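> My request is simple: use the sequences and hints to build the entire structure.
Sequence lines, in order, name chains S and U. Under our numbering, the residue at position 264 of the first sequence is numbered 264, and the numbers go up by one with no gaps. Under our numbering, the residue at position 125 of the second sequence is numbered 125, and the numbers go up by one with no gaps.
Be careful, since some hints might not be right.
[What the hints assert, rightly or not] Covered by chain U, per the in silico footprint, the following chain S stretches (three or more residues, Cβ under 8 Å):
| id | segment |
| --- | --- |
| 1 | 42-56 |
| 2 | 165-178 |
| 3 | 229-238 |
[Unchecked claim] Simulated pairs of lysine-lysine, DSBU-like, Cα-Cα distance not exceeding 35 Å:
| id | chain 1 | residue 1 | chain 2 | residue 2 |
| --- | --- | --- | --- | --- |
| 4 | S | Lys279 | U | Lys335 |
| 5 | U | Lys297 | U | Lys335 |
| 6 | S | Lys297 | S | Lys335 |
| 7 | U | Lys279 | S | Lys279 |
| 8 | U | Lys297 | S | Lys279 |
| 9 | S | Lys279 | S | Lys297 |
| 10 | U | Lys279 | U | Lys297 |
| 11 | U | Lys335 | U | Lys279 |
Hints in this document: simulated from the structure, not taken from any laboratory. Computed from a predicted model, the values in this text were never measured in an experiment. C-beta atoms are modelled at their ideal positions from N, C-alpha and C, and glycine is treated no differently.
Residues per chain, in single letters:
2 protein chains.
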Amino acid sequence: MSGAAATLRAEIREQPAAWRRLLARDDEIAALARRLAAARPSLVRIAAHGTSDHAGRYATYALRLLAGWTALRDSMSLPLYYDVPAAAPGELAIAISQSGETPDVVAWLTAARDAGATAVAVTNGERSSLVRAADGAIALHAGAERSIAATKTYTATVAALALLAAHAAGPERGRAMAGAVARTADLAEEALPRLEHAVEPVADMLAGVDRLYAIARGYELATAAEVALKLTEVAYLGAKALTATSMAHGPVAALDRTFPVWAVSADDATLPAVAEAVKRAREAGAPVVATGAAAAKLDGATFTLATPAAPDPLLSPLLSILPGQLFARALAHAKGIDPGAPRHLRKITSAA
Amino acid sequence: MSGAAATLRAEIREQPAAWRRLLARDDEIAALARRLAAARPSLVRIAAHGTSDHAGRYATYALRLLAGWTALRDSMSLPLYYDVPAAAPGELAIAISQSGETPDVVAWLTAARDAGATAVAVTNGERSSLVRAADGAIALHAGAERSIAATKTYTATVAALALLAAHAAGPERGRAMAGAVARTADLAEEALPRLEHAVEPVADMLAGVDRLYAIARGYELATAAEVALKLTEVAYLGAKALTATSMAHGPVAALDRTFPVWAVSADDATLPAVAEAVKRAREAGAPVVATGAAAAKLDGATFTLATPAAPDPLLSPLLSILPGQLFARALAHAKGIDPGAPRHLRKITSAA
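Here is the structure:
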């Protein structure tokens, strides 16, 4: 294994420890959430790129389900290129960036704050430009992330946003979520060695594929989007996330035995939509990898990589992403790619 | 050419005529826009799948730039699976569906209306369930669409939403936009035969590719998303839309000479971000197809498929999508696929 591949594996394995470090600062998240909730934001605007945008997608669900706040992944282009106000007074703006130095994310949060919104940064860059541009910040304390493919900062961001949403819903809900994150860290630690082995034969069987859909419905869509991005960054697939329902419309046309589907399931009311999409994919001849908390309930899947039920269903994305991260690394290995050292790229997203 | 392939070509060619049919009903759109503007919606929620969702993405820009309304592409899962209120009184809910029979889109609009929002349908199904669930509707009058890959209903929806946003901004802006749509139809009619020839050699050169990124920044992101979907539905690519800025972060790692980039340009402040991404893609060895109004300004592109400048820049997406539709068809032909008859799929998106 190259040094870079070993680093990626170490960072995937380190995730439960990163969530526990975040939990050690849970009081700060609770205090920020209380302050934000007291102001009763009329709307939450979220801006981010790539992996951070997938955590932002998760936040649109967590904030609405827990705090009752409508949140949107907003366009940075509108204020930065088209001179539209970035926000309005009474709104909450949340910018997410691992480094905290992504230029247009910093510029967007600055514009939102100038327009009267309360500005919050979520970042692993504790002393970053993004933190300086914000009224309040959640520092992830995930430790240095050396692989260019983000793993532990992604799940630490998801955990941070779950905690923020739960504390905004009230102290009891917040405390319960903190306990649930701690138990989810234990579950992840137990599951990781098993999953690390389980993805190997799937990667060997699928080593010849170049295209893949990752599907889900509801908040596991964040996971599907992140799995697709990891498979693109690390194993160079043309991988695309779709809602299970959209896949069955047009994109199912492209499926055949060389074009697999990665299905992320939740054990809730969204399951029938995912099960139906899996059925359509199998009818089209596509291999299906069933993952997530309800993987065993997806009939006809070619491979099953189940993840434990999270103590709070909203924390399932912390567990359901793990087989995706591990599979991306294993698939890169099976394809003869060095998975820890993606080509052509820089760690900080720069805007021209 | 098969009957199905001929049908797809006819529907692509028919687009300017479809926009003119829509314009003939512009008074109805203006009346609806006046009614909506008088109520001053606090927020616009949009729901749709697939191609209609791409038109919805366009609407988030058009409504904010022209009418000053914040619009989000909302989660249908939240009200339908997780019992969250679909909307609030004073909000505007817009549901988009070609057929007007997509079950979860109809259910979402019904829930939004029940929750007190003003409910608007945008559909080609004049007598559909979606229209019956709405307070007001824009019927596209695009004519029957027989190909499963939507083309004329997509651009008719974009034109309808541009008109709605412009009329909401005021009668003068609305009249000007109607005139601009008419002139854009003329420009499209002139450009189509030229573009139909121009895509052929590009398709022949790229017949071996299985993966592609479509990139843009700002409102041409709707075009990039729609190009990626057409290439998936019609030519079976693993094609994914990305913002130009996000591509340069992680996904650039996957690029090489077998993994091209389709760049959609606008001749505005977003151009440097797209130009920078094109440069990064070329450095990675990827073929780049430059399209859109500023295609000629993207240095180093492998192929250039420029589209005319639209009389109103917000109508550029009506023109910049044309080479993408035509290329999808030509690439399918070059790959030996019958492009008018995608496999495994149904015309109406059904939710389990």
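> To test your reading of the hints: which numbers does this structure violate?
2, 7 and 8
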